[in-house]
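**Student:** Sequence:
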Amino acid sequence: MFSKIIVLACILAMSNAGILAPAGQYTLTPAALTSTSDNILRSSGNLAQIATQSKTVATPFSSTSRSDIRVTNPAIYAHTAPVAYAAAHAPLAAPLAAPVSPLLGVAYSPAVAVSHMAYSSPIGVSYSW
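Numbering (mature numbering (1 follows the signal peptide of the UniProt record, and there is no 0)), first residue to last: -17 to -1, 1 to 112.
Note that these hints are calculated values from the structure, not bench results. Don't take every hint at face value.
Pair ranges (Cβ atoms, derived) [what the hints assert, rightly or not]:
hint: 1; residue 1: V54; residue 2: S18; range: 20 to 30 Å
hint: 2; residue 1: I106; residue 2: S84; range: 26 to 36 Å
hint: 3; residue 1: A41; residue 2: V66; range: 51 to 61 Å
hint: 4; residue 1: F44; residue 2: L24; range: 28 to 38 Å
hint: 5; residue 1: T42; residue 2: S20; range: 28 to 38 Å
hint: 6; residue 1: S(-3); residue 2: T39; range: 48 to 58 Å
hint: 7; residue 1: C(-8); residue 2: F44; range: 55 to 65 Å
hint: 8; residue 1: L11; residue 2: Q32; range: 21 to 31 Å
hint: 9; residue 1: V66; residue 2: Q32; range: 30 to 40 Å
hint: 10; residue 1: P43; residue 2: S(-3); range: 38 to 48 Å
hint: 11; residue 1: I23; residue 2: F44; range: 50 to 60 Å
hint: 12; residue 1: L16; residue 2: D51; range: 17 to 27 Å
hint: 13; residue 1: R53; residue 2: S18; range: 12 to 22 Å
hint: 14; residue 1: I52; residue 2: V83; range: 53 to 63 Å
From a predicted model like this one, the values you see are computed outputs, not experimental measurements. Glycine residues also receive a C-beta, built at the ideal position from the N, C-alpha and C atoms.
Starting from the given sequences, assemble the full structure and let the hints guide the process.
**Tutor:** Now the structure itself:
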C-alpha cells in the first residue's frame, strides 16, 4: 500500500511540475534617451572661439549629463613687450671654487697573466686571438 501511495505522489508531482513557482515575467522598460550637442562660436578672423559639447543619457534607472566648455582667446596672451631699460645692472658674480672630488675608494692592480684563446671547429673553421 505504501508503494502505491509513493507512485501516486510521484505521478501527481510530475503532473503539477512548475505550478509551485510562477513562470518568469517579461516586462518592457522604456528605452534610454540620449542627446548630444556640439557648438562652436568663432569671432571675426577666427581669432577667438567658444566650443561647447554636451551629452546626456537618461535611462529609467539613472541619468547622467556631461558638459565641456572651452574658451580660446589669443588676445589674453598677446601683450606689448616691456620697455628695455637704458642701463641694466649686471648681476654680482662671486668667484666659485672648483668642487673637490673625493679620492677613488678602490685600487686596481694590473693583470698578472694574459689569456689567449684558440678555437678550431670540426668543419675546418678556426681562429685565434
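**Student:** Against this structure, judge whether each hint is valid.
**Tutor:** Hint by hint, here is what the structure shows:
The hinted range of 20 to 30 Å is satisfied by V54 and S18, whose Cβ atoms lie roughly 23 Å apart. Range check, I106 to S84: about 54 Å between beta-carbon atoms, so the 26 to 36 Å window is missed. Distance hint check for A41 and V66: the Cβ-Cβ separation is about 58 Å, which falls inside the suggested range of 51 to 61 Å. The beta-carbon spacing between F44 and L24, approximately 36 Å, falls within the hinted interval of 28 to 38 Å.
Taking the beta carbon of each, T42 and S20 are about 19 Å apart, not inside 28 to 38 Å as hinted. Range check, S(-3) to T39: about 54 Å between beta-carbon atoms, so the 48 to 58 Å window is met. Our hint of 55 to 65 Å for C(-8) and F44 is violated, since their Cβ atoms are close to 45 Å apart. Checked against the hint of 21 to 31 Å, the C-beta distance between L11 and Q32 comes to roughly 45 Å, which is inconsistent with it.
Between V66 and Q32 the CB atoms are about 32 Å apart, so this pair conforms to the stated range of 30 to 40 Å. For P43 and S(-3), the Cβ-Cβ distance of about 40 Å falls inside the hinted range of 38 to 48 Å, so the restraint holds. As the Cβ distance of I23 to F44 is approximately 34 Å, the hint placing it in 50 to 60 Å is violated. Between L16 and D51 the beta carbons are some 20 Å apart, a value that agrees with the proposed interval 17 to 27 Å.
Hint check: R53 to S18, Cβ distance near 20 Å, so the stated range 12 to 22 Å holds. Taken as a hint, the range 53 to 63 Å holds for the pair I52 and V83, whose Cβ atoms sit roughly 59 Å apart.
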